[in-house]
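Starting from the known structure of chain R, arrange chains F and G on it as the hints suggest.
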Amino acid sequence: MDLFEIIFYFFAAIVLVSALVVVLSKNIMYSAFSLLFTFFGVAGLFVLLNADFVGITQIMVYVGGILVLIIFGVMITTKVTGVDIKEGISGKLQYAGAGIITLLTAIFLSLMFINGKWITGSSTDVHATIHQIGTLLMTKYILAFEAAAILLLIAFIGAALIGRRKA
Amino acid sequence: METNFIYSLLGNNLLGYLAVCILPLVFLIVYALVAILGELKIGAFMQDRLGPMRTGPWGTIQPIAEVVKLLQKENITPDAASKFLFNLAPFIIFTAAFAAFAVIPFSPKFVPSGINLGLFYIFAIGSFAVIGIFMGGWASNNKYSLLGAVRSVAQIISYEIPAGMAILSIAALAGTLDMNEIITKQSGWFTNWYIFGGSGSALRILFLPFTFGIFVIYLIASLAETNRTPFDIPEGESEIVAGYHTEYSGMKFAMFFFAEYANMFVVSALLTIMFFGGWNSPFGDFMSGPIWAVVWFLGKSMSFIFLQIWLRWTLPRLRVDQLMYTGWKVLLPISFVCFFAIALLAMLK
Amino acid sequence: MGNYFRNIWLGVWTVLVGMRITINHLVMRKVTNQYPDRYPDLKSLEEAKLVPTNSRNRLFVDKEDCNGCKGCERDCPVNCISVETTRVTPGDTVPLLRSGGKRNLWVTNFTIDMAKCCFCSLCTQACPTSAIVHTSEFEYSEYNRNDLVYQFSPFSPEEAQVKKDMFANYQAEQAAKKAAAAAVAPAPAATQENV
Numbered sequence: 001m002d003l004f005e006i007i008f009y010f011f012a013a014i015v016l017v018s019a020l021v022v023v024l025s026k027n028i029m030y031s032a033f034s035l036l037f038t039f040f041g042v043a044g045l046f047v048l049l050n051a052d053f054v055g056i057t058q059i060m061v062y063v064g065g066i067l068v069l070i071i072f073g074v075m076i077t078t079k080v081t082g083v084d085i086k087e088g089i090s091g092k093l094q095y096a097g098a099g100i101i102t103l104l105t106a107i108f109l110s111l112m113f114i115n116g117k118w119i120t121g122s123s124t125d126v127h128a129t130i131h132q133i134g135t136l137l138m139t140k141y142i143l144a145f146e147a148a149a150i151l152l153l154i155a156f157i158g159a160a161l162i163g164r165r166k167a
Numbered sequence: 001m002e003t004n005f006i007y008s009l010l011g012n013n014l015l016g017y018l019a020v021c022i023l024p025l026v027f028l029i030v031y032a033l034v035a036i037l038g039e040l041k042i043g044a045f046m047q048d049r050l051g052p053m054r055t056g057p058w059g060t061i062q063p064i065a066e067v068v069k070l071l072q073k074e075n076i077t078p079d080a081a082s083k084f085l086f087n088l089a090p091f092i093i094f095t096a097a098f099a100a101f102a103v104i105p106f107s108p109k110f111v112p113s114g115i116n117l118g119l120f121y122i123f124a125i126g127s128f129a130v131i132g133i134f135m136g137g138w139a140s141n142n143k144y145s146l147l148g149a150v151r152s153v154a155q156i157i158s159y160e161i162p163a164g165m166a167i168l169s170i171a172a173l174a175g176t177l178d179m180n181e182i183i184t185k186q187s188g189w190f191t192n193w194y195i196f197g198g199s200g201s202a203l204r205i206l207f208l209p210f211t212f213g214i215f216v217i218y219l220i221a222s223l224a225e226t227n228r229t230p231f232d233i234p235e236g237e238s239e240i241v242a243g244y245h246t247e248y249s250g251m252k253f254a255m256f257f258f259a260e261y262a263n264m265f266v267v268s269a270l271l272t273i274m275f276f277g278g279w280n281s282p283f284g285d286f287m288s289g290p291i292w293a294v295v296w297f298l299g300k301s302m303s304f305i306f307l308q309i310w311l312r313w314t315l316p317r318l319r320v321d322q323l324m325y326t327g328w329k330v331l332l333p334i335s336f337v338c339f340f341a342i343a344l345l346a347m348l349k
Numbered sequence: 001m002g003n004y005f006r007n008i009w010l011g012v013w014t015v016l017v018g019m020r021i022t023i024n025h026l027v028m029r030k031v032t033n034q035y036p037d038r039y040p041d042l043k044s045l046e047e048a049k050l051v052p053t054n055s056r057n058r059l060f061v062d063k064e065d066c067n068g069c070k071g072c073e074r075d076c077p078v079n080c081i082s083v084e085t086t087r088v089t090p091g092d093t094v095p096l097l098r099s100g101g102k103r104n105l106w107v108t109n110f111t112i113d114m115a116k117c118c119f120c121s122l123c124t125q126a127c128p129t130s131a132i133v134h135t136s137e138f139e140y141s142e143y144n145r146n147d148l149v150y151q152f153s154p155f156s157p158e159e160a161q162v163k164k165d166m167f168a169n170y171q172a173e174q175a176a177k178k179a180a181a182a183a184v185a186p187a188p189a190a191t192q193e194n195v
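Residue numbers (our numbering), protein chains in the order written: chain R, 1 to 167; chain F, 1 to 349; chain G, 1 to 195.
Extracted from the complex, chain R is given alone in its bound form (with noise of 0.2 Å):
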């Protein structure tokens, strides 16, 4: 075991075990706090696999961004902290429902990891990604990153019209 499996599995194990918290926690801002933990893995995990730039995506997007919008909104959100969401007869349904759909999950994913073809081989050190994603961003996928900008520009404006309608 070298020094990089030990890295590997200790991204793994921060992952898994911060994943577990989110999903098993009762407070739901242990949860959104733990998804820290989270995204911090799995930026890790890219770093290792040498896509530095994705993992640094990665933290700038999910923990900058998307983690920051949650917990605000969680906050801002009454009466979320403590509140138990397994009460009743729809908390019974929540289960069985969310028990279902982790099945498939489950059923999926092992489908996908036995019959994948799973690219094996020592990785060649790619020193620098940014240029030829950048070229690859402006060449192949042009069309893609395109759509993605003008969904956010959409979004912009969607907010910027919601934010305003009181006026």
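No wet-lab data here; the hints were simulated from the structure.
For glycine and all other residues, C-beta sits at the position ideal for the given N, C-alpha and C.
Mixed in with the good hints there might be a few duds.
Under 8 Å between C-beta atoms, here's a sample of chain R residues computed to sit facing chain F [what the hints assert, rightly or not]: (1) PHE33; (2) LEU36; (3) ASP52; (4) ILE56; (5) MET60; (6) VAL63; (7) GLY64; (8) ILE66; (9) VAL68; (10) ILE71; (11) PHE108.
Just chains F and G now, kept in the frame of chain R:
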């Protein structure tokens, strides 16, 4: 290019990695003591006072006394606080501040980690501090802490956008995100620094207002991101006690304190790297070399620290609406204009 | 739109003005007195007008000028002054007051408890000879509260006792004389009564 003298000294092994990690930490602690003393002394001098005078000659060991005091203090965890998160928050904030040191090139021969995404990395790692601040504020279970945390997060998120535009402009101008490469491209005389438009034709004089403007924008935004005056409403003493670290005491408070000073250095170093040629000597080959580089780099960074302290003792605190006005209605449009102008300059090169 | 840019310009300009002011003060002469460490003596403080001319600090009584009128004692709102006087025996050598007046009373005991003093300055206003004054001395803290009781009598207790005895003797003599004189004149009546 070998960018780390420690690896050539100790070899590419665990010991080398450890040394590379510890060196910035040692620097950070020494620097923080100097900065605390500077803050006390400069602040006092600007108010025609003398500041601390009794610990050591001219009060020079006052910061050590303060750190020792903080170490001795009782670590209080409030009863109603969420204990785990409360104790975790200072570590996350300090880690986030210290993690940024991983890519700061102190010299061409010493960059802790020479990844080619340095600028982007520093920008991204700052978001951990946001979560840490929020964690501390929420877990304290104190209305002032929570208010301070909400203010802080709102402020940091707002000012991240102009700061991001400034970083983007420099990335466009340099064509890279690698810190050392950005600095190497500014080598030569000081006219090659990016605040003067970088090396190239004399046409760049025309873009001087924009490069200078983007520098001022980043300076202002960095003040806001480090919660320094005039943007210290998250810790506004007169309104919300001490903001998100109201409930912290002893060593945990000291970690918030150190994190603030570490962040100050990080933004100063970024200003130096992005606009003032990093470890380059201003006079071409005169006084350049790996050792001189450290001197130049620290000298430039420390002058920005001085600027921050100077501003702190000059300006009063902004009101929340003024803060948001400055961020969204002044800095953001101007930074867009500057970005487009600088992109044009980058294309003309 | 013009307003917007003027606002920005004003903001930048005022910040620069403020920064110029603070940088000037950075190199200016400092006003801090490092009071107990480096202590300029009182005289130079007074010369430099650092002690206000009408400041009210420790009280001082000119022993040779106090005529023992007890005006200060009566006026003191906190009873920190206590004066004890005794009449001058006729025939005793009495120096004049410093201000030139005639002395009728010996001040046998004059204590001021500076721990009680409220620095109201009423005593100095009451004093007819301006013997009691506030000095500029402000540094007189003590470890023992009793050390703050100051004695302004020109006499030691023994000497004061001598003066008291002297006057008591004189009074006794006078009383004796009076008694003798009385004994001479209304003696018959007395004898009548005795009978």
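* To do: With a cut-off of 8 Å on the beta carbons, see whether R:VAL63 makes it to chain F.
  => Cβ of R:VAL63 sits 5 Å from chain F, so the hint holds.
* Would you settle whether the hint for R:ASP52 is holds or violated, based on the nearest Cβ-Cβ distance to chain F being less than 8 Å? => holds, 6 Å
* Would the stated hint for R:GLY64 survive a check requiring a Cβ distance to chain F of less than 8 Å? -> holds, 3 Å
* Mind checking the CB of R:MET60 against every CB in chain F and telling me if the closest is under 8 Å? => holds, 4 Å
* Return the status of the interface hint for R:VAL68: holds when the least beta-carbon distance to chain F is below 8 Å, violated otherwise. => holds, 6 Å
* **Status of the hint placing R:ILE71 at chain F (closest C-beta pair under 8 Å)** => holds, 6 Å
* **Restraint satisfaction for R:PHE33 [CB to CB of chain F, less than 8 Å]** => R:PHE33 check passes; min Cβ-Cβ to chain F is 6 Å, inside 8 Å.
* Does R:ILE66 meet its interface restraint, that is, does its C-beta lie within less than 8 Å of any C-beta in chain F? -> violated, 10 Å
* Restraint outcome when R:ILE56 is required to lie within 8 Å of chain F by C-beta distance -> Result: holds, 5 Å to nearest chain F Cβ.
* **Evaluation of the interface hint that places R:PHE108 against chain F, nearest CB under 8 Å** => violated, 32 Å
* Asked: Close enough to count: is the Cβ of R:LEU36 nearer than 8 Å to one in chain F?
  -> holds, 5 Å
Violated hints, listed in ascending order, are 8 and 11; each of the other numbered hints is respected by the structure.
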